[in-house]
Amino acid sequence: MPKPEFSTDDYVNPEAPFGERRLRPDHPRVRDHSYDCSRRTQELDLWKASLISTVMEPWDAYPDLENVPKDAVPGPSLTLFVKERGRGPGYVADFLYTASDLPVTVHGILANQGSGLGLIELELWRPDWGYWDGFGDFIGPSHDDAAVTVSAPITSDVLRRIPLGQIIARAQAELADQSWREDGVTILGRPQAAGSELAPASLQALENANALAQPAQRGRPPLDGELLHAVAHAYLREAINGPGLHHRLADLFNRPEPTIKDWIKAARDRGYLSPAVPGRRAAGPGPLLTPHSSLLTPHSL
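Plus 431 on top of the position in the sequence shown (first one is 1) and you've got this note's numbering.
Hints in this document: simulated from the structure, not taken from any laboratory. All figures in this text were calculated on a predicted structure; none of them were measured in a lab. Among the clues, some could well be false.
Said to hold, decoys possible - With beta-carbon atoms standing in for the labels, derived distance ranges:
id	residue 1	residue 2	range
1	E688	A630	35 to 43 angstroms
2	R668	A632	51 to 59 angstroms
3	P716	R455	13 to 21 angstroms
4	P716	P584	14 to 22 angstroms
5	L550	T721	19 to 27 angstroms
6	P594	P674	48 to 56 angstroms
The C-beta atom is built at its ideal place from N, Cα and C for all residues, glycine as well.
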């Protein structure tokens, strides 16, 4: 990286000797960019180019909203955001979780990196966190006295009350559900769209989420991800040669054809190959498949 060059406009005291010059406090190399946006802005960004599903509503316990008791406490809320632009290999979805007994909003990222759906990033947002802009106005949740109240500290008790297991389980059930293919997807301000009517980016994001959120099969231990990676690459390479695919792969990996079929199914279920789609003879690369590098070869198995 080249050494940055500064002009007199970059300094508070450009006339001072070189070793005594000070960069302006609002200079990009000194400014703390965390003051440029509030948590509310970060939350709004989750809604951009996302497929959104509300899994848990605050008033789920009271389906008849006209007869909610006056002392009723809203339940937790869980919203999933499947970003059309993934955050990296194995990315599935973002989520926001809130509950009346938690002093924070929980933001997390769900991914499957070869061993099932899991949590790879977690943030706790204070509800009153924001910043003051250059005009002295507070940007963030409104306050009657225009002052920021100090939230209670995050204690071990608060952390224990975040039901991560329940969040992952409810998210997985929702993300693995493929009923949207027949029932369609509700788009704000527009009628329901069938799966085939979705924009390519939306359709790809949903298919990736479905594949990566599938629960692990019980029984035999799951196949090694490196093996499924090699199987997927061999499948894609041999599929273009027409009929006899399973036979050729059986010879290639020195395994019986039923075993090869099980491996291909596992590669589909785990996200190394695309899900089976009626009318398509062959699969495509799945969201976990990366360029073939130092992977297993059939002769090393």
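Satisfaction of the hinted span 19 to 27 angstroms by the C-beta atoms belonging to L550 and T721: holds, 22 angstroms
CB-CB spacing for P584 and P716 relative to the 14 to 22 angstroms hint: violated, 47 angstroms
Status of the given 48 to 56 angstroms range, CB of P674 versus CB of P594: holds, 51 angstroms
Whether the CB-CB distance between R668 and A632 falls inside 51 to 59 angstroms: Given about 27 angstroms between the Cβ atoms, the range is violated.
Cβ separation of P716 and R455, checked against the hinted range 13 to 21 angstroms: For P716 and R455 the Cβ distance comes to about 49 angstroms; the hint is violated.
CB-CB spacing for A630 and E688 relative to the 35 to 43 angstroms hint: At roughly 39 angstroms between Cβ atoms, A630 and E688 fall inside 35 to 43 angstroms, so the hint holds.
Of the hints listed earlier, those the structure fails to meet are numbers 2, 3, 4, in rising order.
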